[in-house]
Amino acid sequence: MSEGEEAEDGVKETTESEFSNIRENPVTPWNPKPATPIIDSTACIDPQASVIGNVTIGARVMVSPMASVRSDEGMPIFIGNRSNVQDGVVLHALEIIDEEGKPVEENLIEVSDEKYAVYIGENVSLAHQSQIHGPAYVGNDTFIGMQAFVFKSKVGNNCVLEPRSAAIGVTVPDGRYIPAGMVVTTQTETDKLPEITDDYAYKHTNEAVVYVNVHLAKGYNEVS
1 MSEGEEAEDG VKETTESEFS NIRENPVTPW NPKPATPIID STACIDPQAS
51 VIGNVTIGAR VMVSPMASVR SDEGMPIFIG NRSNVQDGVV LHALEIIDEE
101 GKPVEENLIE VSDEKYAVYI GENVSLAHQS QIHGPAYVGN DTFIGMQAFV
151 FKSKVGNNCV LEPRSAAIGV TVPDGRYIPA GMVVTTQTET DKLPEITDDY
201 AYKHTNEAVV YVNVHLAKGY NEVS
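By the numbering used here, the letter at position 157 of the sequence shown is numbered 157, and the numbering carries on one by one without gaps.
Keep in mind that the hints were calculated from the coordinates and are not lab data.
Treat the hints with caution; some may be incorrect.
Unchecked claim - Derived DSS-like pairs: lysine-lysine, alpha-carbon spacing no greater than 27 Å straight-line:
| # | residue 1 | residue 2 |
| --- | --- | --- |
| 1 | 115 | 152 |
| 2 | 152 | 102 |
| 3 | 33 | 152 |
| 4 | 152 | 192 |
| 5 | 192 | 154 |
| 6 | 154 | 203 |
| 7 | 154 | 102 |
| 8 | 115 | 154 |
| 9 | 33 | 102 |
Using the sequences and the hints given, assemble the complete structure.
In C-alpha cells:
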C-alpha cells in the first residue's frame, strides 16, 4: 500500500514517515496538555528507543535500543546528566491526576521543591531490562542492575541493586546494596541492608558503566 492510500476499513494507514520515536504524549482525562520531551543536544537517543511526553534528559545521557521512557500517565520524568538507560529498560509512572482532576500527591516525588513522577539523578546506570516505575527516585551514582525493579521507592546515592532485586515501597539509604534476587518491601528489612564497603565486589561497577555509556553517547552522536 502506498503512502496515503486508504485501508479497506476506511482508515488511513500510518506510514513510517508519520511516526517518531521521540514524541509528545496524547491528551487524556488525567493529562489535558501534550508535552514534548526536552533532550540535551549531547544526549543520544537510539532510533529504536522511545521517549514520550513530559521527559527531561540531561547531558551525555545514553538511551539504548528498545528502552522506553514513557511519560504519558505519570509525569514528569527526569534523567540527570551522564546517566544511562540501557537496552529494554522501562521508565513509567502511575497517574498524578485522578478522575476528578485532583492531584494524586502520593504518586509524586519532591526534589528541590519540584515534583516528579520519576527522578533519576546524575551518573546513574539503569542496566538491561531494569524497570523504574513511579513514583520513584534514584539518587546520584547508583547502579540498578539487570532486571532489577524499583516501585514506589526512593533509592539513595551510591547504591547498588544487584540483578533481579527489587525495592517496593521503601527508602534505601545511601551507600547500601540489595543482593541479587532479593525483594525488599518493608522499611525494617531495608534499614538492615548491607553497606557498600571497600571490598564489595561491585563497588566500582557503576563508575565503569557510566564511563562507557558517556563515550557511547558521544560516539553515536558523531556518526549519526
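**Report entry** Hint check against the structure, violated hint numbers in rising order
**Finding:** Violated: none.
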